[in-house]
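J.: Going down the list, the protein sequences come from chains A and B. Heads up: the first sequence at position 48 corresponds to 77 in my numbering, and the numbers run straight through without jumps. Heads up: the second sequence at position 117 corresponds to 146 in my numbering, and the numbers run straight through without jumps.
Derived by calculation from the structure, the hints in this document are not laboratory data. Wrong hints could be hidden among the right ones.
[To be verified] Only pairs whose alpha carbons sit at most 25 Å apart, straight line, appear in this in silico PhoX-like list of lysine-lysine:
id	chain 1	residue 1	chain 2	residue 2
1	A	Lys175	A	Lys274
2	B	Lys205	A	Lys234
3	B	Lys90	B	Lys223
4	A	Lys175	B	Lys234
5	B	Lys185	B	Lys270
6	B	Lys274	B	Lys80
7	B	Lys90	A	Lys225
8	A	Lys223	B	Lys274
9	B	Lys234	A	Lys225
10	A	Lys234	B	Lys270
11	A	Lys227	B	Lys274
2 protein chains.
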Amino acid sequence: MQLTMSQKPTLHTSISPALLHLYDLSNSVVVIIDVFRATSTIASALYNGAKCVIPVDSVPKAIEISRNIDGIAAGERDGMIAEGLQHGNSPLEYSREFIENKTLVLTTTNGTRLLQMALDRNADTIVSGSFPNLTAVCDFLVKEKKNVVLGCAGWKDRFNLEDTLFAGAVINRLAKQFTIHCDSSLMAETMYGKYKNKLTDFAPKLTHYHRLVERFGLIEDINFCLTPDLANVLPVYTEGKLIVK
Amino acid sequence: MQLTMSQKPTLHTSISPALLHLYDLSNSVVVIIDVFRATSTIASALYNGAKCVIPVDSVPKAIEISRNIDGIAAGERDGMIAEGLQHGNSPLEYSREFIENKTLVLTTTNGTRLLQMALDRNADTIVSGSFPNLTAVCDFLVKEKKNVVLGCAGWKDRFNLEDTLFAGAVINRLAKQFTIHCDSSLMAETMYGKYKNKLTDFAPKLTHYHRLVERFGLIEDINFCLTPDLANVLPVYTEGKLIVK
Chain A
30 MQLTMSQKPT LHTSISPALL HLYDLSNSVV VIIDVFRATS TIASALYNGA KCVIPVDSVP
90 KAIEISRNID GIAAGERDGM IAEGLQHGNS PLEYSREFIE NKTLVLTTTN GTRLLQMALD
150 RNADTIVSGS FPNLTAVCDF LVKEKKNVVL GCAGWKDRFN LEDTLFAGAV INRLAKQFTI
210 HCDSSLMAET MYGKYKNKLT DFAPKLTHYH RLVERFGLIE DINFCLTPDL ANVLPVYTEG
270 KLIVK
Chain B
30 MQLTMSQKPT LHTSISPALL HLYDLSNSVV VIIDVFRATS TIASALYNGA KCVIPVDSVP
90 KAIEISRNID GIAAGERDGM IAEGLQHGNS PLEYSREFIE NKTLVLTTTN GTRLLQMALD
150 RNADTIVSGS FPNLTAVCDF LVKEKKNVVL GCAGWKDRFN LEDTLFAGAV INRLAKQFTI
210 HCDSSLMAET MYGKYKNKLT DFAPKLTHYH RLVERFGLIE DINFCLTPDL ANVLPVYTEG
270 KLIVK
């Protein structure tokens, strides 16, 4: 739905996949947000020249599809490279040397599941966002002039702060262009306002930080995922694939 | 479950009824939080000498039970006195003159529904909390030394800030006595820390404020509901009733 000039489109923040059903997606651009690390990895791979990223919901499906198209099967379960795969969910794995002109078939714990939920609920447009492509996401949302739902992937339906902080970063930039009347968005922007200049210092307080850094030593991943515009492309979901628009 | 001296009990915050199933309630004290206004009204009625408050999930049930026991049937739907009832969900309606030695049979949009969910999930103990009984809730949680789930009632499963701010107030006082490793609790405490000295000034930014004040002019209700310890009793759910412990 294109709105008339006089109306501002609305913006809502869904802070858990378990709350996504509360929002009307059929007239909205849905931003899938999985900061640690799916949507940071998607931005990284596409920025470095991947042809596309195919998000899938299971390891066998990732293996099967990647075989058929000579792609790279990758993914994680509970923060680790998923059993049966050689590549994981680290944005730093997907350098230009490795991924250029290849297709990445990716399965993750939270992000790919949320994307499927948005599809099932007939989202008008689906894009993927994280700090490394913050500006590309914001520019697109301003240009589209459609209603927006910022969809946080969380962790197994639990609220997490890193996804909410990214939602807050988007709201911080776009507040004047949208009608925002939603306590989740107010909270997200407030939290972002408090920590925007010290995101990496704040990170050790996050539940997911401990999952990734204490167990797997992924401090460089964390820093990449929290730094704006390191991979500033816009992944848009079209016919089963995320491609750069 | 009573914990040993060396272990601190855990504390989690459930920021919407739609997320309550993620937490183990069977070994926990669950604090039902519906700041605007069910749990503020429950505190007010009991503080002013009500014999007990019977929470029910429908207006017909409220009318039937109140007739049988010569109680006061009360409740709201969508912020207004529910059709068929003479009394609503305003804490200021339940003065000592009106409610002393009477039983209040109360049905509300969010709070009573969450209480029923906690019962269905076999919560160990259920108490009700809001700013007017903040200290009573905190004292009880410290004394019990059990795991705690702070259950925010929200608005029709949407996140709201007033319930989360109360969760943050509890965490602010009890952080040292509990093991807290939960992004929802970290967010709640951070938001409370930012606004604790200006809660009533912050209130006009809340979605629910507009529902209550702009539509129904309930500014005095809002101020009561955000002021600590005006009705400092502890409502505990026992055999279908909330009574003062």
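J.: Please go over all the hints and tell whether each is borne out by the structure.
T.: Each hint tested on the structure:
1. Lys175(A) <-> Lys274(A): Within the cut-off at roughly 17 Å; holds.
2. Lys205(B) <-> Lys234(A): holds (16 Å)
3. Lys90(B) <-> Lys223(B): Roughly 41 Å between the alpha carbons, so the hint for lysine 90(B) and lysine 223(B) is violated.
4. Lys175(A) <-> Lys234(B): holds (24 Å)
5. Lys185(B) <-> Lys270(B): holds (23 Å)
6. Lys274(B) <-> Lys80(B): holds (12 Å)
7. Lys90(B) <-> Lys225(A): Distance ~50 Å between lysine 90(B) and lysine 225(A) Cα, so the pair is violated.
8. Lys223(A) <-> Lys274(B): It is violated: about 39 Å lies between the C-alpha atoms, which goes past 25 Å.
9. Lys234(B) <-> Lys225(A): Answer holds: lysine 234(B) to lysine 225(A) is near 21 Å, not above 25 Å.
10. Lys234(A) <-> Lys270(B): It is violated: about 39 Å lies between the C-alpha atoms, which goes past 25 Å.
11. Lys227(A) <-> Lys274(B): violated (45 Å)
The earlier numbered hints that this structure contradicts are 3, 7, 8, 10 and 11.
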